[in-house]
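K.L.:
Residue 308 in our numbering sits at position 178 of the sequence shown, with consecutive numbering throughout.
It should be emphasised that the hints constitute simulated quantities derived from the structure, not laboratory data. Hints are not guaranteed to be accurate.
Said to hold, decoys possible - Using 16 Å as the maximum straight-line C-alpha spacing, the simulated EDC-like pairs for lysine to aspartate or glutamate come out as follows:
{"#": "1", "residue 1": "K233", "residue 2": "D213"}
{"#": "2", "residue 1": "K265", "residue 2": "E290"}
{"#": "3", "residue 1": "K265", "residue 2": "D213"}
{"#": "4", "residue 1": "K233", "residue 2": "E216"}
{"#": "5", "residue 1": "K265", "residue 2": "E216"}
{"#": "6", "residue 1": "K265", "residue 2": "E242"}
{"#": "7", "residue 1": "K265", "residue 2": "E231"}
{"#": "8", "residue 1": "K182", "residue 2": "E231"}
{"#": "9", "residue 1": "K182", "residue 2": "E224"}
{"#": "10", "residue 1": "K182", "residue 2": "D232"}
Unchecked claim - Pair by pair, the computed Cβ-Cβ distance ranges are:
{"#": "11", "residue 1": "A279", "residue 2": "G196", "range": "25 to 33 Å"}
{"#": "12", "residue 1": "Y300", "residue 2": "T193", "range": "53 to 61 Å"}
{"#": "13", "residue 1": "L223", "residue 2": "P289", "range": "38 to 46 Å"}
{"#": "14", "residue 1": "G196", "residue 2": "Q227", "range": "49 to 57 Å"}
{"#": "15", "residue 1": "P188", "residue 2": "P297", "range": "51 to 59 Å"}
{"#": "16", "residue 1": "D143", "residue 2": "P259", "range": "39 to 47 Å"}
{"#": "17", "residue 1": "I302", "residue 2": "Q227", "range": "37 to 45 Å"}
{"#": "18", "residue 1": "A208", "residue 2": "P259", "range": "15 to 23 Å"}
Heads up, the beta-carbon is just placed ideally off N, CA and C, and yes, glycines get one too.
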Amino acid sequence: GEACDDGNLNNDDGCSASCQIEIGFWCYGTWGGMSYCTCPSPRSVEVIGGSKVCVCPPGYHETEDGRCDYCLPGYFKAVCPYDSGEACRNYQLEPCQMCEEDKYSMGPGQSECLACPLNAVAPSGSSHPDDCLCKAGYYWFDGRCMPCARGTYKTEPGPEPCAYCPPGTYSITPASDSDVWCIDCVA
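Taking the hints into account, I'd like the entire structure generated from these sequences.
P.N.:
Encoded structure:
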């Protein structure tokens with residue numbers, strides 16, 4: 131049967147030529163005997179595979195009740211990678227993806243995760259650049275992770291400075307991540 135009737139036989143206006151509600155559109159009651167179909171905010175009409183589809187914006191996913199809900203910090207939802215309206219509809223229903231290790235997304239509604247600085251690490255699902263810590267063998271200086279100097283080492287990721295080799299030992303290896311690099315000094 132008819133799911134909507136907008137008084138025409140056009141597709142891509144919310145109510146198809148066969149009187150079915152099109153992907154992502156909402157059709158409300160009647161106005162002058164006709165259905166009123168809209169692409170509700172924050173959705174937008176996108177041309178996908180030659181058809182107009184009403185989709186949630188990047189950084190949002192569609193909930194089971196049809197709302198567009200933003201991705202939480204530490205998660206993201208990219209632009210639909212498919213070129214079919216039905217595939218994009220299914221993609222919209224998938225939950226937001228967690229940022230992978232060594233990346234983060236700060237605010238709600240992000241369409242991508244940002245990479246931590248070079249030589250920094252962060253757990254998956256990180257939501258702030260402060261979650262990025264210099265990896266073992268590196269320390270934070272002047273906005274970036276710098277290698278521990280010769281004669282020093284650092285065993286764990288974090289904000290701590292590099293430690294000096296024990297007395298009587300020295301490391302010739304920069305970015306040492308263990309005291310095993312500290313060898314006896316030659317007399």
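K.L.:
Hint by hint, note whether the structure agrees.
P.N.:
Each hint tested on the structure:
1. The straight-line distance between the Cα atoms of K233 and D213 is roughly 28 Å, outside the 16 Å bound, and the hint therefore fails.
2. At most 16 Å may separate the alpha-carbon atoms for a hinted pair to count; K265 and E290 meet this at roughly 10 Å.
3. For the proposed pair K265 and D213, the alpha carbon gap of about 40 Å is over 16 Å, so the pair is violated.
4. This hinted pair does not check out: K233 and E216 have alpha carbons roughly 30 Å apart, beyond 16 Å.
5. The suggested pairing of K265 with E216 is violated, with an alpha-carbon distance near 43 Å, which exceeds 16 Å.
6. Restraint check for K265 and E242: the C-alpha separation of about 23 Å exceeds 16 Å, so the hint is violated.
7. In summary, the hint linking K265 to E231 is supported, as the alpha carbons are separated by about 13 Å, within the 16 Å threshold.
8. For the hint pairing K182 with E231, the CA-to-CA distance comes to about 36 Å; that exceeds 16 Å, so the pair is violated.
9. The suggested pairing of K182 with E224 is violated, with an alpha-carbon distance near 20 Å, which exceeds 16 Å.
10. Distance hint between K182 and D232 is unfulfilled; the C-alpha atoms sit about 37 Å from each other, more than 16 Å.
11. Checked against the hint of 25 to 33 Å, the pair A279 and G196 fails, with Cβ atoms roughly 58 Å apart.
12. Range check, Y300 to T193: Cβ separation about 60 Å, and the 53 to 61 Å hint holds.
13. For the pair L223 and P289, the beta carbons lie near 40 Å from each other, so the given range of 38 to 46 Å is met.
14. The hinted window of 49 to 57 Å between G196 and Q227 is violated, with their beta carbons roughly 21 Å apart.
15. Checked against the hint of 51 to 59 Å, the pair P188 and P297 passes, with Cβ atoms roughly 56 Å apart.
16. Here the CB-CB span from D143 to P259 is close to 44 Å, well matched to the stated 39 to 47 Å.
17. A beta carbon spacing of about 43 Å between I302 and Q227 agrees with the range 37 to 45 Å that was offered as a hint.
18. About 20 Å separates the C-beta atoms of A208 and P259, a value consistent with the hinted range of 15 to 23 Å.
In summary, the structure is inconsistent with hints 1, 3, 4, 5, 6, 8, 9, 10, 11, 14 from the numbered list given earlier, while agreeing with the others.
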